[in-house]
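Engineer: So the sequences go chain by chain: A and B.
Using numbering that gives the first Met the number 0, read the first sequence as starting at 0 and increasing by one per residue.
Using numbering that gives the first Met the number 0, read the second sequence as starting at 0 and increasing by one per residue.
Be aware that a few hints might be false.
Said to hold, decoys possible - Pairs of lysine to aspartate or glutamate residues, derived as DMTMM-like cross-links and limited to a Cα-Cα distance of at most 20 Å, are as follows:
id: 1; chain 1: A; residue 1: K49; chain 2: B; residue 2: D378
id: 2; chain 1: A; residue 1: K49; chain 2: B; residue 2: E379
id: 3; chain 1: B; residue 1: K393; chain 2: A; residue 2: E113
id: 4; chain 1: B; residue 1: K393; chain 2: A; residue 2: E234
id: 5; chain 1: B; residue 1: K393; chain 2: A; residue 2: E50
id: 6; chain 1: B; residue 1: K393; chain 2: A; residue 2: E88
id: 7; chain 1: A; residue 1: K107; chain 2: B; residue 2: D426
id: 8; chain 1: B; residue 1: K417; chain 2: B; residue 2: D82
id: 9; chain 1: A; residue 1: K164; chain 2: A; residue 2: E73
id: 10; chain 1: B; residue 1: K393; chain 2: A; residue 2: E68
No wet-lab data here; the hints were simulated from the structure.
Note that this is a predicted model, so its numbers are computed, not measured.
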Amino acid sequence: MLEIKDLHASVEDKEILKGLNLKVNAGEVHAIMGPNGAGKSTLASVVSGKEEYEVTSGAIFLEGEDIEELGAEERAHKGIFLSFQYPVEIPGVSVTNFMKTAINETRKARGQEEMPARDMLKKIKEKSELLEIDSKFLSRSLNEGFSGGEKKRNEIFQMAMLEPKVAILDETDSGLDIDALRIVANGVNKLKSKDNAVIVITHYQRLLEYIVPDFVHVLHDGKIVKSGTKDLALELEEKGYDWIKEELKA
Amino acid sequence: MELKEKLVSSFLAFEANVDTTSPIHDIRIEALKSFEAYGFPTKKLEAWKYTSLNSVIKNDFSIFPKKEIALEFKDVKKYFISDLDSYKIVFIDGVYSSHLSETTHDKIDVCLMSSALSQNRFKPVIDVYYNTVVKEDGMTALNTAFAKEGAYIYIPKNIAADKPIQIIHFATGVDGAAMLQPRNLIVCEDNSEVTIIERHQNLSENKVFTNSVTEMYAGNNAHIDYYKIQNDTDTSCLVDNTFTEQHNNSVCSVHTFAFGGDITRNNLNFYQKGQGIDSILNGVTILEGKTHVDHNTLVEHQEPNCESHQDYKGIFDEKSTGVFNGKIIVEQEAQKTNAFQSNNNILLSDKATVNSKPQLEIFADDVKCSHGCTIGQLDESALFYMRSRGIATKEAKALLMYAFANNVLESVKIPQLKTRINKIIADKLGVNIGFDL
Numbered sequence: 000m001l002e003i004k005d006l007h008a009s010v011e012d013k014e015i016l017k018g019l020n021l022k023v024n025a026g027e028v029h030a031i032m033g034p035n036g037a038g039k040s041t042l043a044s045v046v047s048g049k050e051e052y053e054v055t056s057g058a059i060f061l062e063g064e065d066i067e068e069l070g071a072e073e074r075a076h077k078g079i080f081l082s083f084q085y086p087v088e089i090p091g092v093s094v095t096n097f098m099k100t101a102i103n104e105t106r107k108a109r110g111q112e113e114m115p116a117r118d119m120l121k122k123i124k125e126k127s128e129l130l131e132i133d134s135k136f137l138s139r140s141l142n143e144g145f146s147g148g149e150k151k152r153n154e155i156f157q158m159a160m161l162e163p164k165v166a167i168l169d170e171t172d173s174g175l176d177i178d179a180l181r182i183v184a185n186g187v188n189k190l191k192s193k194d195n196a197v198i199v200i201t202h203y204q205r206l207l208e209y210i211v212p213d214f215v216h217v218l219h220d221g222k223i224v225k226s227g228t229k230d231l232a233l234e235l236e237e238k239g240y241d242w243i244k245e246e247l248k249a
Numbered sequence: 000m001e002l003k004e005k006l007v008s009s010f011l012a013f014e015a016n017v018d019t020t021s022p023i024h025d026i027r028i029e030a031l032k033s034f035e036a037y038g039f040p041t042k043k044l045e046a047w048k049y050t051s052l053n054s055v056i057k058n059d060f061s062i063f064p065k066k067e068i069a070l071e072f073k074d075v076k077k078y079f080i081s082d083l084d085s086y087k088i089v090f091i092d093g094v095y096s097s098h099l100s101e102t103t104h105d106k107i108d109v110c111l112m113s114s115a116l117s118q119n120r121f122k123p124v125i126d127v128y129y130n131t132v133v134k135e136d137g138m139t140a141l142n143t144a145f146a147k148e149g150a151y152i153y154i155p156k157n158i159a160a161d162k163p164i165q166i167i168h169f170a171t172g173v174d175g176a177a178m179l180q181p182r183n184l185i186v187c188e189d190n191s192e193v194t195i196i197e198r199h200q201n202l203s204e205n206k207v208f209t210n211s212v213t214e215m216y217a218g219n220n221a222h223i224d225y226y227k228i229q230n231d232t233d234t235s236c237l238v239d240n241t242f243t244e245q246h247n248n249s250v251c252s253v254h255t256f257a258f259g260g261d262i263t264r265n266n267l268n269f270y271q272k273g274q275g276i277d278s279i280l281n282g283v284t285i286l287e288g289k290t291h292v293d294h295n296t297l298v299e300h301q302e303p304n305c306e307s308h309q310d311y312k313g314i315f316d317e318k319s320t321g322v323f324n325g326k327i328i329v330e331q332e333a334q335k336t337n338a339f340q341s342n343n344n345i346l347l348s349d350k351a352t353v354n355s356k357p358q359l360e361i362f363a364d365d366v367k368c369s370h371g372c373t374i375g376q377l378d379e380s381a382l383f384y385m386r387s388r389g390i391a392t393k394e395a396k397a398l399l400m401y402a403f404a405n406n407v408l409e410s411v412k413i414p415q416l417k418t419r420i421n422k423i424i425a426d427k428l429g430v431n432i433g434f435d436l
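Construct the entire structure; sequences and hints are all you get.
Structural biologist: Here's what the structure looks like:
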């Protein structure tokens, strides 16, 4: 579904990703872990099309198509979704209007008719219930004055609305209390299917107790240096990252 | 010949077509003298520091229309809010078009200034109100000297106008460059209500210079909503002078939607002569090209317990320039005044300019006054966030701009007008986005 080949990317001439390889098949959940500064958020930004990052070599394929030249919105139309570590506040645009616009712009780009208002409302109701979002919340300005937990729930609500093929959750667990974490994880688990894939970027093992990954990768210095099953996450939790660095030196 | 000299010397010809025995004509003669003394405003005047009329007044304008032109409604329908049941006062090159208008004398008077100035039955109102609210400067004196046509609206006590009134000025360009000087008088007696929509539209590539004066009088508990749509061609210059006098518990709002034209100067003045008054001044300015819009506002709080609310939003692209100069005066008598002013601007290009200047003169000690002004850019991180959800850059920018201007757009009370303004903005931004506002 998503294949990243020997990806090198820099920001302001500083190379952050240094030959990253990753293959994610439909139906899989991958966790990407690693110490601060390893390049985790850069990976999320590069895949979703943030222009400050320059891809110097390598390629990103979505269902076999090279998406490197596509803008962020075109990648979204093709099914890439990024749950932001720091969702942006947009005063004056309500959650509902934002979602309507996003869905209809995506449908337009795919050559589909706009979604009928009745279907839209039904879908909004259904998905907001999934994330235990109060209906009053939907008429508020996007992310403005939301708590950390509300922002993250709102991100997963958007994911539920947009039904992406590949969802990248960038530090979705940061700033969440245990209840919010459970709601968010439950939402993601319900959205998982054999036709989509989820990449969970996280610093801690905590979220992975709820969203159980098929594969765990360790990102260090711009490369994936170790891959394994969910047991690797437990090992990292227990021993930290230093032993991997030692292993690499050896 | 300089425009000023041309105007002064054409006064004799003007007199041949008006009733020189009327007291109005004495006012004109005095005003002409004043104009001769003032001349056109120059950048040396503090209030005109950022707006120059030099490029406008060097043109050779025809001052009086030579021929009467008829327009078919279907050709100009798009400039009306045509799905709104309304009275209409329409002028073509400064001449009343009965064909396009819909006036009334049923309970209220919605008609022509020329009738009001010449017919005896309007004399009691004209004698009391005409030329009493306006403050004299070069531009208003010039208008007063040549004033003979415009809209006359009179709403007697305890009457709410049954529908809004559209005032539209068309310029056809048939005589080449033209100067127009409409003069409007709107009198709302105690407990009356009216809503007015005004538009100036140049239909040709020829230059038009409009120097308009509107006097508004709101009696006790009167309610006036005035909407100005300024979306003219880039060969049009408008100097709009609007003066509002308010009495006890009256509420007056003026919305100015400045989307086009070459040079537009709005002199918007409110004088509060009673208690419990609310004055509302809202504006949305969206410009590109070399367009220039200058909002020059004045609110004079003369009595206690009154409020004023000013909210001006501006979005400037390419080489456009904007000015906001907002003056609030709180007289010593005007205790418990609440006066708010905010001017927020977004620059989309590094060649666009905004000058924002709040001026507060407060002589009372128990008042709440606030003002704030911001000048910034569109939020790049918000743009990326929206794009990552599938909203393309152009639409994302438009959505952010709508959001930025939203509280002013939301305060438009006529749904058809709101729809129209949203459409004008969408057309300007080249988007067609299906979200409601």
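Engineer: Compare the structure with each hint and give your call.
Structural biologist: Going through the hints against the structure:
no.	hint	result
1	A:K49 <-> B:D378	holds, 14 Å
2	A:K49 <-> B:E379	holds, 11 Å
3	B:K393 <-> A:E113	holds, 18 Å
4	B:K393 <-> A:E234	violated, 47 Å
5	B:K393 <-> A:E50	holds, 16 Å
6	B:K393 <-> A:E88	holds, 19 Å
7	A:K107 <-> B:D426	holds, 19 Å
8	B:K417 <-> B:D82	holds, 12 Å
9	A:K164 <-> A:E73	holds, 13 Å
10	B:K393 <-> A:E68	holds, 18 Å
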